[in-house]
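Listed below, chain by chain, are the residues.
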Amino acid sequence: MSGGADVTQVRVGESAAPPSRTGWRAVRALYSGNARIVVIRGLLATRTSNWVVVVSGFFEPVFFLLAMGVGLGTYIGDVELPGGEQVSYAAFIAPALLAVSAMNGAVYDSTWNVFFKLRFAKLYQTMLTTRLGPLDVALGEICYALLRGVAYAAGFLVVMQLMGLNGSWTALAALPAVVLIAFAFASVGMAVTSYMKTFQQMDWINFVMLPMFLFSATFYPITVYPEAIQWLIKVLPLWHAVELVRGLTLGVADTMTLVHVGYFLVMIGLGLVFATSRLRALFQD
Amino acid sequence: MPQTSPEPVIRARGLTKTYGAFTAVDAIDFDVAPGESFGLLGPNGAGKSTTMRMISAVSRRTAGELSVLGLDPETHGPEIRSQLGVVPQEDNLDTELTARDNLVLYGRYFGLSRAVCRERAEELLAFAQLQDKAGAKADDLSGGMKRRLTIARGLMNTPQIFMLDEPTTGLDPQARHVLWDRLFRLKEQGTTLVITTHYMDEAEQLCDRLIVVDKGSIMAEGSPAELIRRYSSREVLEVRFGSDRNAAAAEEVAAIGRLAERVEVLPDRLLVYTPDGEGALERVVERGLRPTTSLVRRSSLEDVFLRLTGRSLVD
Chain B
1 MSGGADVTQV RVGESAAPPS RTGWRAVRAL YSGNARIVVI RGLLATRTSN WVVVVSGFFE
61 PVFFLLAMGV GLGTYIGDVE LPGGEQVSYA AFIAPALLAV SAMNGAVYDS TWNVFFKLRF
121 AKLYQTMLTT RLGPLDVALG EICYALLRGV AYAAGFLVVM QLMGLNGSWT ALAALPAVVL
181 IAFAFASVGM AVTSYMKTFQ QMDWINFVML PMFLFSATFY PITVYPEAIQ WLIKVLPLWH
241 AVELVRGLTL GVADTMTLVH VGYFLVMIGL GLVFATSRLR ALFQD
Chain S
1001 MPQTSPEPVI RARGLTKTYG AFTAVDAIDF DVAPGESFGL LGPNGAGKST TMRMISAVSR
1061 RTAGELSVLG LDPETHGPEI RSQLGVVPQE DNLDTELTAR DNLVLYGRYF GLSRAVCRER
1121 AEELLAFAQL QDKAGAKADD LSGGMKRRLT IARGLMNTPQ IFMLDEPTTG LDPQARHVLW
1181 DRLFRLKEQG TTLVITTHYM DEAEQLCDRL IVVDKGSIMA EGSPAELIRR YSSREVLEVR
1241 FGSDRNAAAA EEVAAIGRLA ERVEVLPDRL LVYTPDGEGA LERVVERGLR PTTSLVRRSS
1301 LEDVFLRLTG RSLVD
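Which chain is which? The protein sequence lines are B and S, in order.
For the record, in the first sequence the residue sitting at position 180 is 180 according to the numbering used here, with numbers rising by one throughout.
For the record, in the second sequence the residue sitting at position 307 is 1307 according to the numbering used here, with numbers rising by one throughout.
Source of the hints: derived by calculation from the structure; they are not laboratory data.
Certain hints may be false.
Computed footprint of chain S on chain B, listed as stretches where at least three residues anywhere in the stretch have a Cβ under 8 Å from a Cβ of chain S [as the list claims (entries may be wrong)]:
no. : region
1   : 111-124
2   : 142-151
Lysine-lysine pairs mimicking PhoX-like chemistry, simulated, CA-CA at most 25 Å apart [said to hold, decoys possible]:
no. : chain 1 : residue 1 : chain 2 : residue 2
3   : B       : 122       : S       : 1137
4   : B       : 197       : B       : 122
5   : S       : 1133      : B       : 122
Just some of the chain S residues that point at chain B, by a computed CB distance under 7 Å [claimed, not checked]:
no. : residue
6   : 1092
7   : 1096
8   : 1105
9   : 1108
10  : 1254
All C-beta atoms in this analysis are idealised placements derived from N, C-alpha and C, irrespective of residue type, glycine included.
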């Protein structure tokens, strides 16, 4: 092709505009059914990212498990579950760390990385000048963000299996559970981030995440708290994540599992609605 | 040349955008014909970009009528965006991707297939003279290359209307000329261009017709030559007397009679609007005035703007 390529020659028969259908207009203004390409864009960009940093995220919960579960656990002994079963301290905290790794991976990509793309790279602004709608962008970015959380968690689940910390075949169901958890955290992470304007505001996210990590019945049963505090903890998403995963890996899942799943479905719905409407307000106002 | 067509591709009537108490675009009317190269000329903050964003269906109008390709952006945003190529004021390339991937991905945002996008990306890399840089990260390109890539990207969906917001701001003269050449080619091929600029020479080079906007309103409309004929003289004599003496010299210069149709006092120089620049300069010297420098030039859109608004375009 010469430097003076004739641009009219390449007008391909494929039209960028699908025929319009009335009634669906409101939905189609938000969604072009092409969230997939937003995920693909994320994966393409990941190829150039720093893999040492990405891989290091996997080791974080492994180190916690070794130091606290195995090391500290020898002093603690077994933990008694609400149903009366005794499990090792490592087996008690491992599912909690699994939930945390899903959360951390999803939150990292849906907060700091989204903040950068939103405020500095202007990526979403560019995407929204095309056929893509705000729901394509929100859904695509959330799905991309949950991938990291799921990858960390899947690796950690293998570590748990190798260390003999999975007490039941239902541990297999922990993987889809982790996808659900990562999806929920990524949705809310993206929604919250879309309202952030400064780095100081972004720091609040860490301020919320750390205490939630420490106090959501991660390292000891929730029964150590007085009842009022217990209710407070039970409102937080990480408690639901920990309980959901713990029930599955230890084989003590009960009807509460459905409550946890419902909690995350609501989180996903709210996150998507807020992230989508915020993107629309910011870039298609 | 603009084709005569009964159906304009863009039609605005009383188009208005307000942000709170601030009116960015104040009830403007204009039409853009198919294949026309249409310019919005005005200083920063005149409302050019806001108008562009409303046409591009990424900003909702506050009042008035707007039709783009026969559709209302309010109800048919996705359909309109599918048919538009957009080159924003600031290059917002995907800095994490290569030049080629920038093009391919952008095409795929429109829902075009991978095969189509790949083929088209190669053609546009050639069009933008970036074949050698196809595998380079967008972040590593020079300013002129980034701009050309942004323009190539805007053509990925073979747009019917190509919208360029300040296409050459911040580029060196050589890069500007390369870019103008590329835009000429598009124009020759019949693409409708809508261009904002605050550079007079750019508007004169690229636009068949333009509107001069200031503070959200249209001050004048016409081809560059028409506007110059209507609002300025044939030639302009620029004389400098030193910044503290320009104002005093202005009265003397105005007194040279019919050769000084109008005298504008700028902080650093006087502009004498005249049918005959050399003749006017002779008269000035005859009156015993000794300008430190003098220059005779043809009238430009800059003069039109100064006449219409009392201010220079580029501060």
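Evaluation of the provided hints:
With 3 residues having a Cβ less than 8 Å from any Cβ of chain S, the region 111-124 of chain B passes the three-residue criterion, so the hint holds. Chain S is given as covering the region 142-151 of chain B, and this is violated because 0 residues of the stretch bring a CB closer than 8 Å to a CB of that chain, at least three being needed. Among the hinted pairs, residue 122 of chain B with residue 1137 of chain S is consistent with the structure: their alpha-carbon atoms are about 17 Å apart, no more than 25 Å. Our distance criterion of 25 Å between C-alpha atoms is met by residue 197 of chain B and residue 122 of chain B, whose separation comes to about 13 Å.
Between residue 1133 of chain S and residue 122 of chain B, the direct Cα distance comes to roughly 23 Å. Compliance with the 25 Å bound is thereby established for this hinted pair. This hint holds: residue 1092 of chain S has a C-beta 4 Å from the nearest C-beta of chain B, less than the 7 Å allowed. Interface restraint check: residue 1096 of chain S against chain B, minimum CB-CB distance 4 Å, threshold 7 Å, status holds. About 5 Å separates the beta-carbon of residue 1105 of chain S from the nearest beta-carbon of chain B, less than 7 Å, and the hint is met.
Against a cut-off of 7 Å between C-beta atoms, the interface hint on residue 1108 of chain S holds, since the closest Cβ of chain B lies about 5 Å away. Evaluation of the residue 1254 of chain S hint against chain B yields a violated restraint, the C-beta minimum of about 50 Å exceeding 7 Å.
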